[in-house]
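Chemist: Single-letter residue listing:
Protein chains: 4
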Amino acid sequence: MPYRLSRLGYIEVRVLDLDDALQHYVNVLGLIVTGREGRRAYLKGWDEKHAYSLILTESDTLGMERMAFRTVSPEDLEYYKDRLKKLNVPFATIESDYKRGEAIRAETPSGHTVELYYTMEYTGNVLPDVNPPPWPMDLKGIGVPRLDHCLVTAADPTKTIRWFENVLELRPSEYVLNGSGDPIAAWLWQRPAPHDVAVVPGPDAKFHHCAFAVETPEQVFRACDILAMTKTKIDYGPSRHGITRGTTVYFFDPFGNRNETFGVHSAYQLDPDHKPICWTEDALGQGVFYYEREIIESFLSVVT
Amino acid sequence: MPYRLSRLGYIEVRVLDLDDALQHYVNVLGLIVTGREGRRAYLKGWDEKHAYSLILTESDTLGMERMAFRTVSPEDLEYYKDRLKKLNVPFATIESDYKRGEAIRAETPSGHTVELYYTMEYTGNVLPDVNPPPWPMDLKGIGVPRLDHCLVTAADPTKTIRWFENVLELRPSEYVLNGSGDPIAAWLWQRPAPHDVAVVPGPDAKFHHCAFAVETPEQVFRACDILAMTKTKIDYGPSRHGITRGTTVYFFDPFGNRNETFGVHSAYQLDPDHKPICWTEDALGQGVFYYEREIIESFLSVVT
Amino acid sequence: MPYRLSRLGYIEVRVLDLDDALQHYVNVLGLIVTGREGRRAYLKGWDEKHAYSLILTESDTLGMERMAFRTVSPEDLEYYKDRLKKLNVPFATIESDYKRGEAIRAETPSGHTVELYYTMEYTGNVLPDVNPPPWPMDLKGIGVPRLDHCLVTAADPTKTIRWFENVLELRPSEYVLNGSGDPIAAWLWQRPAPHDVAVVPGPDAKFHHCAFAVETPEQVFRACDILAMTKTKIDYGPSRHGITRGTTVYFFDPFGNRNETFGVHSAYQLDPDHKPICWTEDALGQGVFYYEREIIESFLSVVT
Amino acid sequence: MPYRLSRLGYIEVRVLDLDDALQHYVNVLGLIVTGREGRRAYLKGWDEKHAYSLILTESDTLGMERMAFRTVSPEDLEYYKDRLKKLNVPFATIESDYKRGEAIRAETPSGHTVELYYTMEYTGNVLPDVNPPPWPMDLKGIGVPRLDHCLVTAADPTKTIRWFENVLELRPSEYVLNGSGDPIAAWLWQRPAPHDVAVVPGPDAKFHHCAFAVETPEQVFRACDILAMTKTKIDYGPSRHGITRGTTVYFFDPFGNRNETFGVHSAYQLDPDHKPICWTEDALGQGVFYYEREIIESFLSVVT
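Protein chains in written order, with our numbering: chain A, 1 to 304; chain B, 1 to 304; chain C, 1 to 304; chain D, 1 to 304.
If you're looking for bench data, these hints aren't it; they were derived computationally from the structure. As the structure is a computational prediction, the values presented were derived from the model and not from experiment. Careful: at least some of the hints might be erroneous.
[Said to hold, decoys possible] In silico negatives: residues of chain A with every beta carbon more than 12 Å from chain D:
| id | residue |
| --- | --- |
| 1 | Lys81 |
| 2 | Lys85 |
| 3 | Ala92 |
| 4 | Glu292 |
[To be verified] Cross-link-like lysine-lysine pairs, in silico, DSS-like; alpha carbons within 30 Å at most:
| id | chain 1 | residue 1 | chain 2 | residue 2 |
| --- | --- | --- | --- | --- |
| 5 | B | Lys140 | C | Lys233 |
| 6 | D | Lys140 | A | Lys233 |
| 7 | A | Lys275 | B | Lys99 |
| 8 | B | Lys233 | D | Lys140 |
| 9 | C | Lys99 | B | Lys140 |
| 10 | A | Lys275 | B | Lys231 |
| 11 | B | Lys140 | C | Lys231 |
| 12 | C | Lys99 | D | Lys140 |
| 13 | C | Lys140 | C | Lys159 |
| 14 | B | Lys231 | C | Lys140 |
| 15 | D | Lys140 | C | Lys275 |
| 16 | B | Lys275 | A | Lys140 |
Glycine included, each C-beta is placed from N, C-alpha and C at the ideal position.
Based on the provided sequences and hints, a complete structural model is requested.
Modeler: Here it is in structure tokens:
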């Protein structure tokens, strides 16, 4: 099975006030605004090479409007059109969007909107193309380089996990299995990194968090310092996930959408024949909260 | 163009004495011996899931006997057979090798032996399959998790770079360009990480170094401490490469083959339409030795 | 006022079972046993140069039996004898103890036993005296280099703080002040480091924790990994204290005595005219738990 | 012997152009200008609590004009007046200087000017006095918190080392000993940290470097990145010293005075009865340059 998805391309998050949201996503996380149209702002991390990876949309509700995966090639987008037809998965074709070409849009069993696209304006990152320094010296706040992954909840997580696997051909890096051996939580990849998207038990159509990369455990501490100094509400962390091994801090945007900065230093190598790492249901707490070895209440109860 | 290579799979390195070599690769680097047959030992890092990534072979000479890329699927191996035939690139088919299935073997214009294979025994890493800890507590020495990349020299580097690009369809993440715009050095990837193999100017058929992953700048320092404490000859570092952004230390095995531990924390994301980062020829020094901003003499003169 | 105390020299901690205790303090914390006599074991970190810094004593109860400060010189011990006499502070003179010379012993208003001593066998650390490496390669567990500080609770913390300041002439690096401007918690130093001992509100004669040094935030994460992998109960962390700025993890020995590994990287410089950093009473939570910005319940309720 | 010196208080460095110097010391090192008078600027790190720790003076020559140690108390300054008189060491008394009280000034056998003082304006650091964050978010460049130590050269280093020990009562933390057992290099302390000042062989009256603190190995890498990005000439590093264990990078101000950022994470604890760590003369290279295990040529040849 070839790799047909390059990575999680962008997500759209609903916020109650766009200016307050930008104060957080720009000054605290350090994302860069690359466009603004009406009630929408387009942002990316300093090292991302396409037009955007995060859309913030002013709305009356919170949560994630959609997640979008970039295909490896334009042909892969056609492949998925055929595949969804063949599998009788309803989808819409969207001609174009801001600085983006054609996409197809479908819905997971859990009610999450998923898009696939190939074409987006290639902008380069913020560094020069020739003889660049390793990083830019004028970053704000945490200064995250890029979007890493997102996590969503599903009332019937097994069904949604299977949908991601069967329809989009995402691969499981790690599973939490119930007594029957069915995955009740899954970390799913296509890009060789521990996850592009994860699914855990919870209400349908809800958003758990979106994660941005940081490089090292020390940078996770620095992120926490900046969050505390800017009075950003920290949910959990610094800590380490057992599942994915990532170092982490969870925190909230001004409205309650959960963000994460995720330490990519510990990402493991993935081959196409990777056998998923398995966690027993009673070890879900330990898997997510490796130091506490038990579920933190807010993990399952606070979603948007 | 799909991804058809999953990663650099293994390399074979010639050493003058196998026991002395193991003392270094096992006790200093912390690799794990997974097999030994006569004058050959098979090793891997603790987090690798297939049988081996490094073959040490006792010989009268030093250097790299071969590098091997693992394909994404068995079909991709067939694809390359067809491709090499079509391109009139001579190659041999090798039925099997130690814990490995069929491979094809070709030679680069620079005289380096390259193999492609899909099948190798899946062993899992050293951690339990269920509810694993993030790392094993009983590592030796530096305790590297995995092979990362290798670097070779070529008398006509442009020709060999073009061979890797045209024949194997490796993609350039970074180029050093001469005045005519031809790459005289290239960092080439298929796995979305800055490089699986790199080519720099130098004598044909020579081995510059093989690199093993470490997670953070602090771990690069720790590696240097261990190298110094074990009286391992350090060539260069700790330092940072401008090209690939990796933190690094170069050192030698007991015979003079160069090794590297390479900090993967700063690896950037790669998309299929990645435009190579370019370095001018006069910036090669700065590109490789970001802090010195000039070529360290041994970089170009010491190869095996 | 001269510096008359060199540092917190040792503490004695009561444990229910000495063998189980050693399993924790030796294999998890990585302390080194330097002596054992009956129901007592003497331990130190690998970089400590005198015979011990921790005494573990088998007992029916938990908690700290005594803390001992080493004076800068033998004369300073005489100075304190005179001072305590002059101040009418009752004290005992103890001729000698295991590998230790004369000490004086007094009791704080909170009922904590404090000793002062100068003479203890000088053993050197575990490294060679000549041309030593920077650290030993054969450490167990976290491998802490030394004891850093201890923290105790007092029902009338102001009174005990004033006792440490007036009788022992410890200096405040940081205070939490109540509305009347009295310190209800204090971090006290003589050695130029943020604290040798701290006092917070709580029951009299109780032990809150003893802390051992680690170097960096990454080492705090590594300590947490080792604690989780050895199923050691983590109380809180990894995190950062606002007060002292230290990165931290709190955890428990097998019986419930609290330990800490404390990141010394962020220790600030202290001059004799240092004006204490002040925290308002409502900021105590933020001061201790910089990321949560509120008191973690166990901090005030769990003492031994 | 009591501690009578609190720390290296300030140094005065000669530069050829004050504006160019400030561009370096402020924008690259991140020091803060606290005063300017004519051809002199006064600077300090963000965490220093007195008026300044570095004086930059425009001059026709380079090098260090003077180093000054702060005494623990005003009485200690009187003690040293008496001591120098008794030892027939000539000294001058300077009534006052910029934001500083009385000082005494003497000359080492190597021709270095040393001052002792107690009184300097207490300014506090740049953080608020009440409920402060752990660090300020608006630092420039490397953002060093404080001066750490200085290193000077002496044609007869043993003589100058003995002067520091006998006259100023500095204590040796580490020695390089020649075949006769005499120290030809010494790291000297009073503040319990590996050194306030060091003396190595070289021309008389010359300045080797002044060092500013950074917290961790990762911060040493970050310092190197910033040095390279600002095209600041790096002399050596990142690396580790065997002597003092510090992680390090040496670099030059725009005129050729050597600076260091020194990782304080690995500072060891010092007691008054500390026996100096000894290095054999043939291990001097290894002692200073732990990874190369040999003297880097510029170390002994480039002084100002």
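Chemist: Check the hint pairing C:Lys140 with C:Lys159 against an upper bound of 30 Å on the C-alpha distance.
Modeler: violated (41 Å)
Chemist: Decide if the proposed pair is consistent with the structure: D:Lys140 and C:Lys275, CA atoms, cutoff 30 Å inclusive.
Modeler: holds (26 Å)
Chemist: Taken at face value, is the distance from the CA of A:Lys140 to the CA of B:Lys275 at most 30 Å?
Modeler: holds (26 Å)
Chemist: Hinted pair, alpha-carbon criterion (30 Å max): A:Lys275, B:Lys99. Please report holds or violated.
Modeler: holds (18 Å)
Chemist: Given the hinted pair B:Lys233 and D:Lys140, is their alpha-carbon gap at most 30 Å?
Modeler: This hinted pair is violated, its Cα atoms lying about 37 Å apart.
Chemist: Does the structure keep B:Lys140 and C:Lys233 at a Cα separation of 30 Å or less?
Modeler: holds (27 Å)
Chemist: Quick one, are D:Lys140 and A:Lys233 close enough, alpha carbons at most 30 Å?
Modeler: holds (27 Å)
Chemist: Would you check the hint for B:Lys140 and C:Lys231, treating anything up to 30 Å between C-alpha atoms as holding?
Modeler: Status holds; Cα separation ~22 Å.
Chemist: Given the hinted pair C:Lys99 and B:Lys140, is their Cα-Cα distance within 30 Å?
Modeler: The given pair, whose Cα atoms are some 35 Å apart, is violated under the 30 Å limit.
Chemist: Using Cβ atoms and 12 Å as the threshold, tell me whether A:Ala92 really stays out of contact range of chain D.
Modeler: holds (45 Å)
Chemist: Should the label of A:Lys85 as a non-interface residue stand, given a Cβ cut-off of 12 Å to chain D?
Modeler: holds (50 Å)
Chemist: Below or equal to 30 Å on CA atoms is what counts here, so check B:Lys231 against C:Lys140.
Modeler: holds (22 Å)
Going down the numbered hints, you'll see the structure goes against 8, 9, 10, 12 and 13, while the others check out.
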